[in-house]
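Asker: Counting in the numbering used here, the sequence shown runs from 6 upward without gaps.
Since the hints were made in silico from the structure, they are not lab data.
Source: prediction; values computed, not measured.
All residues carry an ideal CB built from backbone N, CA and C; glycine is no exception.
Among the hints, a few may not be true.
To be verified - FRET-style restraints, in silico, Cβ to Cβ:
(1) ASN31 / LYS221: 34 to 40 Å
(2) HIS225 / ASN21: 18 to 24 Å
(3) GLU125 / ILE24: 36 to 42 Å
(4) GLY237 / SER176: 19 to 25 Å
Unchecked claim - Here are the simulated DSSO-like cross-link-like pairs (lysine-lysine), alpha carbons at most 27 Å apart as the crow flies:
(5) LYS228 / LYS158
(6) LYS228 / LYS157
(7) LYS121 / LYS44
(8) LYS221 / LYS157
(9) LYS144 / LYS50
(10) LYS238 / LYS228
(11) LYS221 / LYS158
(12) LYS157 / LYS144
(13) LYS121 / LYS238
(14) LYS44 / LYS144
(15) LYS158 / LYS144
(16) LYS238 / LYS144
(17) LYS144 / LYS121
(18) LYS144 / LYS48
(19) LYS221 / LYS238
(20) LYS238 / LYS157
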Amino acid sequence: VSKRLNRIVYDSIFTNRLILLRSVSNRILDQFCLHILPKTHDKIKWLNLESCSIERVNDATNYPNLNALGLHNVQQEMDTSFFTEEKKGKCQIYSYPVTMRRHEVIANNFPDGIFKCVREVSLFDERPFEYRFFLRLQKAFPFMNSLLVNNKKAQNNKLSSESNNNNQQSSIIEYFYLTHLNLSYAHYVYLEQCLLDTKMCLPSNVHLDVDYQSLKRVTHNVKIDEIRINCGKVRYVTSSTIRLPKHFRNYFL
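Please model the complete structure; the sequences and the hints are all you need to start from.
Answerer: So this is what it looks like as structure tokens:
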């Protein structure tokens with residue numbers, strides 16, 4: 006069975022057009038999205054999907070050669086949530102090589118690539134940015150020094166990076182040249198991800214913009230030992246009208 010599957014996976018005749026119009030179990034869909042789509046994504050030119058599989062297939066990987074998309078049995082409420090709350094289509098065109106220094110409004114469908122000239126990055130999506138998305142950013146923008154996250158949705162799999170202790174070290178996010186991190190418009194889980202040293206390794210002297218309530222929540226939700234290392238590298242930027250509690254001195258520069 007595995008030999009037949011491998012032959013199908015690497016044959017563009019079978020993967021050129023993908024049709025998922027029958028309900029499948031979550032287990033089968035999980036295996037399909039985790040093991041098959043990442044191997045065939047660049048060969049797929051046409052997708053036909055039903056409502057039960059749209060979001061999973063879309064989140065599984067990128068489809069750089071996709072030129073046709075068929076959506077079936079999609080309800081109006083799914084239409085608006087799957088695309089955008091403004092009910093407008095959005096399209097971004099990426100050219101290679103990119104020489105611009107700023108890359109704005111990056112969403113989950115951002116294609117793989119390396120953008121060595123980009124220094125400032127801003128993210129926006131109405132679906133959550135999962136942990137592995139930030140790992141992709143690390144590869145795409147190796148010299149990024151400014152990151153803004155605009156996303157009010159909590160991560161669905163925020164603990165996924167810790168699910169396999171054997172691979173934990175290799176999956177830590179590292180932005181080596183980061184000097185400014187703006188989470189003022191982000192759900193507090195993104196701040197938690199950035200401060201936990203099991204998920205991210207921050208460089209020294211990072212300036213952090215974040216809502217005070219989010220910061221207060223995170224520093225009370227987690228143990229100080231879990232965030233001490235990263236907090237010791239952060240300069241917290243806040244309004245002069247806010248008086249920070251004394252215990253914050255235990256956390257930040």
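Asker: Hinted pair, alpha-carbon criterion (27 Å max): LYS238, LYS144. Please report holds or violated.
Answerer: Given pair LYS238, LYS144 holds - Cα atoms ~22 Å apart, limit 27 Å.
Asker: Against the 27 Å threshold, does the CA-CA distance of LYS221 and LYS158 hold or violate the hint?
Answerer: holds, 19 Å
Asker: What's the verdict on LYS144 and LYS121, does the C-alpha distance respect the 27 Å limit or exceed it?
Answerer: holds, 10 Å
Asker: Run the distance test for LYS221 versus LYS157: straight-line Cα separation, threshold 27 Å.
Answerer: holds, 17 Å
Asker: Are LYS238 and LYS228 close enough, with their CA atoms no more than 27 Å apart?
Answerer: Roughly 17 Å separates the two Cα atoms, so the pair holds.
Asker: Given the hint of 18 to 24 Å, is the C-beta distance from HIS225 to ASN21 inside that range or not?
Answerer: violated, 52 Å
Asker: Hint check: LYS228 vs LYS157, CA-CA at most 27 Å. Holds or violated?
Answerer: holds, 24 Å
Asker: Between LYS144 and LYS50, is the straight-line Cα distance small enough, at 27 Å or below?
Answerer: holds, 25 Å
Asker: Below or equal to 27 Å on CA atoms is what counts here, so check LYS121 against LYS44.
Answerer: Judged against 27 Å, a Cα distance of about 26 Å means the pair holds.
Asker: Are the Cα positions of LYS144 and LYS48 separated by 27 Å at most?
Answerer: Distance of about 22 Å is within 27 Å: holds.
Asker: Checking one constraint from the list: CA of LYS121 to CA of LYS238, max 27 Å. Satisfied?
Answerer: holds, 25 Å
Asker: Verify the proposed pairing of LYS158 with LYS144, using a straight-line Cα cut of 27 Å.
Answerer: It holds: about 24 Å lies between the C-alpha atoms, which stays within 27 Å.
The structure does not agree with numbered hint 2 stated previously, though it agrees with all others.
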